[in-house]
Every structure is written in structure tokens, then in C-alpha cells.
Amino acid sequence: EAGVTQSPTHLIKTRGQQATLRCSPISGHTSVYWYQQALGLGLQFLLWYDEGEERNRGNFPPRFSGRQFPNYSSELNVNALELEDSALYLCASSLGQGEYSPLHFGNGTRLTVT
Amino acid sequence: AQSVAQPEDQVNVAEGNPLTVKCTYSVSGNPYLFWYVQYPNRGLQFLLKYITGDNLVKGSYGFEAEFNKSQTSFHLKKPSALVSDSALYFCAVRDQGAGSYQLTFGKGTKLSVIP
Numbered sequence: 001e002a003g004v005t006q007s008p009t010h011l012i013k014t015r016g017q018q019a020t021l022r023c024s025p026i027s028g029h030t031s032v033y034w035y036q037q038a039l040g041l042g043l044q045f046l047l048w049y050d051e052g053e054e055r056n057r058g059n060f061p062p063r064f065s066g067r068q069f070p071n072y073s074s075e076l077n078v079n080a081l082e083l084e085d086s087a088l089y090l091c092a093s094s095l096g097q098g099e100y101s102p103l104h105f106g107n108g109t110r111l112t113v114t
Numbered sequence: 001a002q003s004v005a006q007p008e009d010q011v012n013v014a015e016g017n018p019l020t021v022k023c024t025y026s027v028s029g030n031p032y033l034f035w036y037v038q039y040p041n042r043g044l045q046f047l048l049k050y051i052t053g054d055n056l057v058k059g060s061y062g063f064e065a066e067f068n069k070s071q072t073s074f075h076l077k078k079p080s081a082l083v084s085d086s087a088l089y090f091c092a093v094r095d096q097g098a099g100s101y102q103l104t105f106g107k108g109t110k111l112s113v114i115p
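Here the protein sequences line up with chains A and B, keeping their order. Residue 1 is where the first sequence starts when you use our numbering, and the numbers rise one by one after that. Residue 1 is where the second sequence starts when you use our numbering, and the numbers rise one by one after that.
Fair warning: there could be bad hints in the mix.
Residues from chain B shown here face chain A by an in silico Cβ test under 10 Å; the list is partial [said to hold, decoys possible]:
#: 1; residue: 41
#: 2; residue: 44
#: 3; residue: 55
#: 4; residue: 83
#: 5; residue: 86
#: 6; residue: 90
#: 7; residue: 96
#: 8; residue: 102
#: 9; residue: 104
Hints were generated in silico from the structure; no laboratory data involved. For clarity, every value in this text was computed on a predicted model and none was experimentally measured. Positions of the beta carbon are idealized from the N, C-alpha and C atoms, including for glycine.
With the hints as extra help, turn the sequences into a complete structure.
Structural data, given as C-alpha cells:
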């Protein structure tokens, strides 16, 4: 079974630009989660999508947005990039909305803002 | 609100010795608890979970964790550490019945197993 795949692996942008990160969940998984892993801050919850709808959002400004497509893949967009947006962005998927379903993570996209 | 604390940023243990990585949590209801491991430049891998039932949970790679409701803890343990266990370990919690399925993670504990 193919795992969660994320692209690109690395992304370098300048301040003020926009970044688009992509995620393909495990086949059959309908929920997709986005997390930001910044140095020293652990994992911060960004967004949760299920069945094409945004279900929950973390404490991030509106310039962080995303969507889930009919094939359950997802896209995270970050507008007006700031230096502090530099981080590893992790996508995870789970089987349905089960509360006790573990998340399966991709290897992440390393975003560097200069 | 749910939260997780991992009180140690780093744990060092000699190869062959038992290891413990500590985790405490705070939820308003009953918890679902998880441990994940992250190797350099990789995503997180699921190790084990506590949902209900037996307080001692066994997971992948010989790891186990003990749920203690009175102490609100869920410490990760392994009887004999391997050098290959060196990695970053995350504890996570989800509040049962809270209506939000997001996982809240601790800040992580770096485990170094010394040969």
C-alpha cells in the first residue's frame, strides 16, 4: 500500500510570495490533516479536511488556506509568505473520521522563506 | 481544551538499558492517547495507541506504554534500548467526544541511545 505522498519535498520562496503544497492520502482514506512543524515548537495543527469539506482549523491566520479535491487529495496554500512560515509542513491521512484512527503521515514539505 | 506535556527535551540511555519517555496530558473528557516516532527528514510513524481497556499497551518495535488515569500520564517504555531507537518521539492526545478529531501533540522528546 502506498503511503501518504507530499510534493514538493523542498520549496524555497521569498517573503511576500505564495506557496502551494500538495498531498495525496493513502487510498481509501477520506480525512486529510495539515500540521506545521517549526523548530522548537512541535507540531501545530493547521487544517482538517474530510469528504471535501473543511472540518476544523487551527490557530493560524487566514493566509493559510487549503482545499480537498474529489479524489481526497489536498492542497495547502500559504499567501503573503513571512520568514516565520519557514517550517516542515506535514500532511496526514486517516480512515474516515474515527476518533481512534491513527494518523498516517507523509515525509513533509520543507518550506524555506528568504 | 486538550494539551500534552513532554517534560524532557532529551533523554539519553545506554544501549541495552530500559528506556522511558514521559508524557502527561490534560483533557476535559476521556483521552485517546498516541505515540509517534520521527526519524530525521521523515514524517511521523505511528507506534501505539490507548483507547480503552488494559492500561498497558504494546506497540511496534518492542515499545509499550502505560496509561495512568490518576496521574494523567502515558509514558513510553522499552525494556532494552537499541541504537536504532534514537529518534524524536511525540505523544499526542485526542479528547473523546469533544467533536474535534484533531490530535494535539507534545513538543517531542529526542531520544539518544548510546552504544
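Now for the hints, and whether the structure bears them out:
1. Contact between residue 41 of chain B and chain A, as hinted, is supported at the beta carbon level, the nearest pair being about 7 Å apart and thus within 10 Å.
2. A hinted interface residue such as residue 44 of chain B counts as satisfied when its beta carbon comes closer than 10 Å to some beta carbon of chain A; here the least separation is about 4 Å, so the hint holds.
3. Contact between residue 55 of chain B and chain A, as hinted, is not supported at the beta carbon level, the nearest pair being about 16 Å apart and thus beyond 10 Å.
4. Violation of the interface hint for residue 83 of chain B is found here, the shortest Cβ-Cβ separation to chain A being roughly 22 Å, above the 10 Å cut-off.
5. With a least beta-carbon distance of about 18 Å to chain A, the hint placing residue 86 of chain B at the interface is violated under the 10 Å criterion.
6. At a threshold of 10 Å, the smallest CB-CB gap from residue 90 of chain B to chain A is about 7 Å, leaving the interface hint in force.
7. Taken as an interface hint, residue 96 of chain B checks out: its beta carbon lies about 6 Å from the nearest beta carbon of chain A, inside 10 Å.
8. The interface hint given for residue 102 of chain B is met, as the beta carbon of that residue sits about 5 Å from the closest beta carbon of chain A, less than 10 Å.
9. With 10 Å as the threshold, the beta carbon of residue 104 of chain B comes within range of chain A, its nearest partner Cβ sitting at about 7 Å, so the hint holds.
The structure is inconsistent with the numbered hints 3, 4 and 5, although it conforms to all the rest.
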